[in-house]
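K.L.:
Here are the chains, one letter per residue:
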Amino acid sequence: KAGVTQTPRYLIKTRGQQVTLSCSPISGHRSVSWYQQTPGQGLQFLFEYFSETQRNKGNFPGRFSGRQFSNSRSEMNVSTLELGDSALYLCASSKQGAVGEKLFFGSGTQLSVL
Amino acid sequence: GQNIDQPTEMTATEGAIVQINCTYQTSGFNGLFWYQQHAGEAPTFLSYNVLDGLEEKGRFSSFLSRSKGYSYLLLKELQMKDSASYLCAVTPRGGSYIPTFGRGTSLIVHP
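Residue numbers (my numbering), protein chains in the order written: chain Y, 88 to 201; chain W, -7 to 103.
Some hints here could point you the wrong way.
Here chain W is said to cover these stretches of chain Y; the calculated rule only asks that three of the stretch's residues, wherever they fall, bring their Cβ under 8 Å from a Cβ of chain W [said to hold, decoys possible]: (1) 130 to 140; (2) 184 to 194.
Distance condition first, Cα-Cα at most 25 Å in a straight line; then the derived SDA-like pairs of lysine to any residue [to be verified]: (3) Y:K100 <-> W:F37; (4) Y:K189 <-> W:Q17; (5) Y:K144 <-> W:F37; (6) Y:K189 <-> W:G7; (7) W:K68 <-> W:S98; (8) Y:K189 <-> W:F55.
Since the hints were derived computationally from the structure, they do not count as laboratory data. Note that CB positions come from ideal geometry on N, CA and C, so glycine has one too.
Isolated chain Y (complex conformation):
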């Protein structure tokens, strides 16, 4: 069974640009969450999608957005990039997104903003 796949693995952008990251969850998993990971802040929750609907949202500005397709694949978009957006962006999937369900993470997209 294939794991969670994130593309691209590395990305370099400049301030003001926008970026789109992609995540393919494990087959049969309907919940997809996105996290931002930085050395100083650890993993911070961005948003969660379930059946193409955003079900939960973290405390990030509106520049961060996402969506989920009917096959459960998800994308997140960051517009007007800032230097502080440099981070590892992790996607995680689970079957139903229920309490206590373990998350399966992808290897992440390392975004560098210059």
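Since the structure of chain Y is already known, use the hints to place chain W on it.
P.N.:
For chain W alone, coordinates are given in the frame of chain Y:
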């Protein structure tokens, strides 16, 4: 809200035992996860504790005290491959199931 605290870094010797602590303060608590993350890799699930007590899985054990807001991950017979970051995450009771992660503990195992 939730506040989770774990040590930033720990070092230990191959073959030894190490205990990584995690304390939390939360308005509502359901359970606590431990994940392992090797450098440059995805976090992987280690354990999920809901009830008080110790749960053992091979060389790894996880303990929870709900009344004290305290958990620890115990690693026995340390191996070099155990060098990784260990993430503690708390899940709330009711409503959103989204776990809140601590900043992680970087464990360095040396020969």
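K.L.:
Decide, hint by hint, whether the structure agrees.
P.N.:
Checked hints:
| no. | hint | result |
| --- | --- | --- |
| 1 | 130 to 140 | holds (count 4) |
| 2 | 184 to 194 | holds (count 11) |
| 3 | Y:K100 <-> W:F37 | violated, 32 Å |
| 4 | Y:K189 <-> W:Q17 | holds, 21 Å |
| 5 | Y:K144 <-> W:F37 | holds, 23 Å |
| 6 | Y:K189 <-> W:G7 | violated, 29 Å |
| 7 | W:K68 <-> W:S98 | holds, 16 Å |
| 8 | Y:K189 <-> W:F55 | holds, 17 Å |
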